[in-house]
Amino acid sequence: MSVHTLGRLPLAYQPAGTFGTDPWWLVVLKAVGIFVFLVVMTLLAIWWERRVVARMQHRIGPNRVGPQGLLQSLADGIKLALKEDIVPRAADKVVFVLAPVLAAVPAFMAYAVMPFGPQVSIFGHRTMLQLTDLPVAVLYVIAVTSIGVYGIVLAGWSSGSTYPLLGALRSSAQVISYEIAMGLSFVAVFLFAGSMSTSQIVNQQTNLWFAIPLLPSFLIYATAMVGETNRAPFDLPEAEGELVGGFHTEYSSLKFALFFLAEYINMVTVSTLATTLFLGGWRAPWPLSLVGVDPAHPEGLLNTGWWPVLWFIAKINIFIFVFIWLRGTLPRLRYDQFMRIGWKILIPVSLLWILAVAAIRALTLDITLDRRTLFVWVGGVLAVVFVVSLAWDTLAERRGAAGAQDVPAAGFDPMAGGYPVPPLPGQSLPAYADLAVSPVSARAGSAEPDGTRDPVEGDDA
Amino acid sequence: MNAAVTVVFALLGVLAVGSALLVVTTRQVVHAALWLVVALGAVAGCYLLLRAEFVAWVQVLVYVGAVVVLLLFALMLTKAPIGVSEDLDAGLAQRVVAAMVALATGALLVTVLVDGFSGEVIDQGATGGAPAIGASVFRSWVLPFEVLSVLLLAALVGAIVLSRRDVPGAGAADSVAGGR
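Going line by line, the protein sequences match chains A and B.
Position 172 of the first sequence, counted from 1, bears residue number 553 in my numbering, the numbering being contiguous throughout.
Position 11 of the second sequence, counted from 1, bears residue number 135 in my numbering, the numbering being contiguous throughout.
The following block holds chain B by itself, in its conformation from the complex (with noise of 0.2 Å):
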């Protein structure tokens, strides 16, 4: 990497960073979806400068475009007030063992990465490309990849289950539902 890409990486990180900061510090509930959404887009960014376009634009479709679309959609469906919410506040005790939570997984994937990965030399041109990602994923990761889908599909068929009322056994979710 070149003087500008090391700069313009540096500071996305930075933005990365200081916007998921401010999506667990704000107190009002659709700017925090938008921090989000400024902290995975300066993430694609990062994928973007270390030239791997495909999970980069993927990055942009399926978390920008998908995840938090539908978490501002079930915001707005619990209707989201505009302005500050006072509620959003949590105390002392659960802001110390927030902080540390996060110190240790920030500590844990830089240790995992430094050792796994440092003084690797990235081939820029060829790993982050669709070839070299559908060659992986479907040759060397195609277990944990199907176990994954059926871990989705799984979630999928209890989100229908959950929500169905007119299955035998599923007397208790209706009878709130009716009594409204």
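This is chain A alone, in the form it adopts within the complex (with noise of 0.2 Å):
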């Protein structure tokens, strides 16, 4: 290994394609391209969430405005725009303007690297179909979209309202933990591809889509996509039951319309994202990338010219529709175990999994380790952390069932603090005091309406 290079590990390539030789009118014109694309889509997300989400509670949904209710969205649109709109007294007017407009600024900003196709021909300009590119275009889109939770902070403070406050407050701390999440989880596609660069990263998945080698860095990154956009389940900056509307519980008119934009357009951003760096992005799937190969065409018919993008949208809606499919059928999370799988599940895991993508490459690449032996090695010592571990937990389990015991069934305070609070874990019920064998089994008896009734609650009945 020489001082300059680092053997066969390949050391940041820079964008496949050429950029920055088109002429204005193809930069105007693929900018407002893109900005009619994803309000094009945020309409039609919209549409598509509200027939699905209806289609799997037995409801038709809407299906008046437009065939099949199309126009919908367009209609609710205009409908917000004709509103009136209301500034809180108590509101700090200028960030309460300037809220809504970070929020969407940045949802469209960062769709200017994402790659929509191969080189195309336009009006007999040979172009690449995408916007720009930079060597580091993964990391400018992190960046950009850490701008837009701004838009929900301010929001949230600048509303002059309790609600807003709180949905800000959580949504902060959300989207900051899961952010280091999200971006673990690209180290080890930026290992593979050798390039932040996302036409590069594309072109390094050529022969195998990045979600099957790094499958773990996929569900790590399609976990923290969700809580990033703040959908169900992870909704909490804006739960209904709890917060109002959250963060844009005072916003009304075009405002409102602002925040919901910037919303489907964080849907769609991330899906593309997860697109381009697992799933090939705008290349054909499998079988269909096949057709045409010949040695004069090594790409094959349905990876060039317009086709791409075909696959490109369709690839962007199956995330969109799992996205519905989420809403539709998980309920929200509570907050504490929403934290817990971001701080000790996501990130351990995702740092543990780059560690060993790393050692892997490093191994096979710099040091050219046969690799049935290196997976014979990392299959035995991950079976030994594997035993280690059950035994550990046998362990473990044994001292807790002999600890708990010894545990005191009084010790719980209802009024602590001058609140009346459930009893923490370890605490017991009062009325369950001479009941309680372990907590465990107390707290399953109190959930339970056919164990012993509660003596409180038989007198309020």
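To be clear, the hints were calculated from the coordinates, so they are not data collected in a lab.
Built from N, CA and C at the ideal position, the CB exists for glycine as well.
Partner residues are not named here, just some residues of chain A that face chain B (Cβ under 8 Å, in silico):
| hint | residue |
| --- | --- |
| 1 | 473 |
| 2 | 515 |
| 3 | 523 |
| 4 | 528 |
| 5 | 534 |
| 6 | 549 |
| 7 | 550 |
| 8 | 557 |
Computed far set for chain B versus chain A, every beta-carbon distance over 12 Å:
| hint | residue |
| --- | --- |
| 9 | 138 |
| 10 | 174 |
| 11 | 214 |
| 12 | 222 |
| 13 | 238 |
| 14 | 240 |
| 15 | 275 |
| 16 | 281 |
Please assemble the complex out of the two chains, which come individually in their own frames, going by the hints.
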């Protein structure tokens, strides 16, 4: 290994293809095209979401405006624009107006580096189907989307109202927590692709989509992207049952519409990022990618020209469908459960995974270790770790069962701090003090109606 | 650098310094945090003009996207008021000392930079990219980098120890929290 190269490890490839040589009219055309694409995707996604969720709930959903209700979102948009624009008296006026703009603008900006397809011909001009690309394009996307959280935080604060403030607090904690896991899940992709440029990452997935070798990263990203966009089951910043509307409670008219737009564009953006980094970007799915492949056309028919745009949009819409599916299926998580997933599962797992990926890449590429030997070793180590952790768990469980009998049933103050509070883990309700064998069974008993009746509840009835 | 880039660079510098002054002079806490965002963003713009795009976007990601968001989070947790807070003002003596310290720091930085790097020609395409930064951080500067990581880890552990209540010896914090 010499000083200036890292063996055969790829070192920061530049973008694939040429950028920055388009005439001005083509740049404007692409920018406007991206804007229109995002707005149309938003309108369609809202319609689609309402129809699919309705279907999942045995309803019909909007079907009056236009064929199959397709124009419903457009009608809603016009309705929103015609509503009265209310600014609360207690609000910080400047920030209140600034917040929706801060939410919407970064959502659009992130799309500047997304590759829609390979090189095509527009009015006789050969150009990449992508506004621009940077050697650090993915970093740019993360940086720009992290500005979007200001919209939410400032909206909540500047409303001068309790529930929006609570929603903003939750949102900032949420986005910061999940951004770390999100960033870490990209690292493995960078290691595999040897680049942070989106076009180069797509280029490196010609033979194998990164979702297959990097499945853990893909799953971590898929979880983090739901948290990052504040969507169900991670929609704690706008939990209707708890916070009215969350951060946008005080917003109306076009300002509210901007938040709505930003949320859906963010959904499209994270779906696009997942597509680009893990699902081969604009590349055709496997059997189709073989159509028309011959020595003269190594890419095949369906990976050239305008075809890739079709695969690109189809893949994005699969992700959006999953978003809708999750919303129609899962209940909202409790806040502590949500934070536990982020900090105690996603981040440690992604750190370990990055370590493993880096080690395997270095061993196979740099020292040219035989892959089979390597996997045998890795498997052996994993087996040992598994056995040890299993033994550890059994021991801990036995120790926990022995210790549980010593836990005093008392110590629970139902009015701790002047407010009625539920029992913490390890504490039990006074009514169960004599029944409690272990905290676990006490809690299970209180949740089951067929167990012993709670005397307090009995009095109320 | 051509003329247009130089002009924009100067404008961004003025923007950074101006919004930094507003950070310390505004009487609204949250607005101070927002001016800080503008100042840090302007610095990122300067990096971008020097074609150090990796540094620029990391600056946006870390400072704008994380540090100031955490700052805002803390402000909201402590119910930052909307509108002017009168108690955000310092006395004349404090102002003078603060201004002197700021000027001295600025003068020190400028002299160090001018002494150390004046007349040096930077290869713009290469120095600010990810390969160059990665190589210098993990080769030439790997020891300071690791020491900094240990420092941050120590701060992290310290924060957790301070906030924990279930360790023996944290009785004082416990009674304060319980007495509320």
